[in-house]
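Chemist: In case you want the letters, here they are:
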Amino acid sequence: MTARDLPDRPDLPGRPELPSRRRGRGWRAVPGWRPDRRRFRDHLVTIAWLVAVWSLLWGEFTLGNLLGGAVVAVVVLVFLPLPRVTFGGRLRPLALADLVVRFVFQLVVASVQVAWVAVRPGQPPRNAIIAVRLRVRSDLNLTLTAEVLSLVPGTLIVEADRETGTLYVHVLDVRSAEQLAQSRARILTLEARLVRAVGSDAELRLLSSTQPEPEGPT
Amino acid sequence: MSGVSGFDLLDVLVAGCLVTGGLLSLLAGIALVRFPDVLSRMHAATKPQVLGVLLILLALAVSLRDGADLATLVLIGGFQLATAPLTAQMIGRAAYRTGRVRSDLLVVDELADRNDGPEERPERRD
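Sequences listed follow chains A and B, in order.
Letter 194 of the first sequence, counting from 1, is numbered 194 in our numbering, and no numbers are missing.
Letter 8 of the second sequence, counting from 1, is numbered 8 in our numbering, and no numbers are missing.
If we strip away everything but chain B, and leave its shape as in the complex, we get (with noise of 0.2 Å):
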């Protein structure tokens, strides 16, 4: 649209994207190795994960800007963006569950408190 520099300048942007996206990938793929327990580890697989996942996503956007590629992109997208809590939830409930948190790092843990502890109950406003 704009000359030969403006497709160089999108040509920068894609590499970026898919460098930068890639890089967080491997980057939650480390903290998956590295992080002590599930419940943390839940913590690299939505973040990192899903903007590596986004940011490529936009890469391909940009390049290959048709119409119904676009709408299969963003549907992946959404579909990322309200599957991965969902599955990180999921997996880090029933972790907890099952006693396989270390609760030697927690520092506060107010579920476990939950059970003896009423006072977090709403009052009944009558």
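Bound-form chain A, shown alone (with noise of 0.2 Å):
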């Protein structure tokens, strides 16, 4: 991967909580929060997230299901360590419904124009890919974009680089440059949806510092 090639860069704007490439340490993203306080946080909160799945997916939530669960969990969380992603934003309920709406909709949007791409008479369609960067550039945005992405009408995420945020978005069904041009708007309409929704203030200064949002505030 050329992420590696790359020095680090602490001082890039939008990623405060990777100041080394070193993996979990020094996040200092939210004050006050000491780092094993944080860390104690995020476990705690994989672990609930884990016993949830396992109970519900026995059916029912029993003494031996939570236990159960709660063993599974620690053996998880120990022997298949992932990368810390921690959540420093907060919930905005309001953007949250919007984006979920919203999101409903373009999925079925979405769906439609695959199936209709599918079945049409006539030539393979043209497809691009296209380099977009966020203006926001925590894991955690980056995976929440790409993921919503894949799932919208004529995006799919082809890969993505860590250390400057890009996103390599597979367009299909291209016919224009302005059709380009929408699509990457787009993504940075979603990627602003997104940080409403769940983004720190700071995420949220961000994404109206950096660039103007193309297509406006929706």
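Be a bit skeptical, because a hint or two may be false.
Simulated DEER-style distance windows between Cβ atoms [unchecked claim]:
1) B:Ile-30 / A:Ser-208: 40 to 50 Å
2) B:Thr-83 / A:Phe-105: 16 to 26 Å
3) B:Thr-98 / A:Pro-121: 27 to 37 Å
4) A:Asp-36 / B:Gly-22: 48 to 58 Å
Here chain A is said to cover these stretches of chain B; the calculated rule only asks that three of the stretch's residues, wherever they fall, bring their Cβ under 8 Å from a Cβ of chain A [stated by the list, open to error]:
5) 8–21
6) 38–47
7) 105–111
Note that these hints are calculated values from the structure, not bench results.
Built from N, CA and C at the ideal position, the CB exists for glycine as well.
Now that you have both chains on their own, put them together as the hints suggest.
Modeler: So this is what it looks like as structure tokens:
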């Protein structure tokens, strides 16, 4: 990956939580949280989530399931450690509802679009791969944007560059240059919507300071 | 709850969801066959496929209406939404890196430019 070749850029805007390439250290994104307390909180959230999933898989919340789930969760955390993703933002219910409603709508549009491209007669679709640099470069934002992006019309992630916060997006059925510009604008709008729904205040400020949003606030 | 006609309406809803979900899955299958390369096919594997599964889950949720089953259905749906894009990305990335992409069908390829074009990199801000 070319991401490895890049020098460290701790001074980049948008990723205050990655001071060095050594992951899992120096998470100083939110003042007031000491790193070990954040780590404890993150682990607790992970365990709670795993216990919930375990109980749901069994279909009921019993004491046995809760205990079994806790054991499984601890085993997973100890033996399958993942890069830490911490949630430094806050939930904004209205923005989140807006995001979800639009997402469902767009998923339907996307499905119909792909289905139509699949059955329409004639030439195979022309495509493009575009690079879009996100304004908020936290891992969580990169992941969420990539996930949602792959489910909305026309776009699919091919490659993600963590160091620069760049997503390489495959666009299906491209017919004009304007269409590509629209796709770019849509991706940035999507990022803005996500940050508005779950981002921190600092990330929200970053959104308005770095680049003007192509489509305006939606 | 609301008499016989209410339940009939729900049955229609269930049937509609099942048929639409199945149809979308079928279309996703057709797309897999007809699309020219891996990256295009991944579009089919994410969007219509996921929506198809979600619709079938919705139909099941409406007809079962039981707490434990609902929880399982929600779990399945959530994992579908979370994992389908990931799978698509991993396969797409592997395909791209091993050159299994129809570049003649690509109008623009900014990923190919990445290696020669350092201008995409952010500037140091001191």
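Chemist: Now tell me, hint by hint, if it's right for this structure.
Modeler: Right, here's what the structure says about each hint:
Here the CB-CB span from Ile-30 of chain B to Ser-208 of chain A is close to 44 Å, well matched to the stated 40 to 50 Å. At about 22 Å, the CB distance of Thr-83 of chain B to Phe-105 of chain A agrees with the hint of 16 to 26 Å. A beta carbon spacing of about 31 Å between Thr-98 of chain B and Pro-121 of chain A agrees with the range 27 to 37 Å that was offered as a hint. Taking 48 to 58 Å as the suggested C-beta distance range, the pair Asp-36 of chain A and Gly-22 of chain B conforms, at roughly 51 Å.
Only when three residues or more bring their CB closer than 8 Å to a CB of chain A does the claim for the segment 8–21 of chain B stand; here the count is 0, and the claim is violated. Coverage of the segment 38–47 of chain B by chain A holds in this model, with 7 residues showing a Cβ closer than 8 Å to a Cβ of that chain against a need of three. For the segment 105–111 of chain B, the proposed coverage by chain A is satisfied: 7 residues have a C-beta within less than 8 Å of a C-beta in that chain, meeting the threshold of three.
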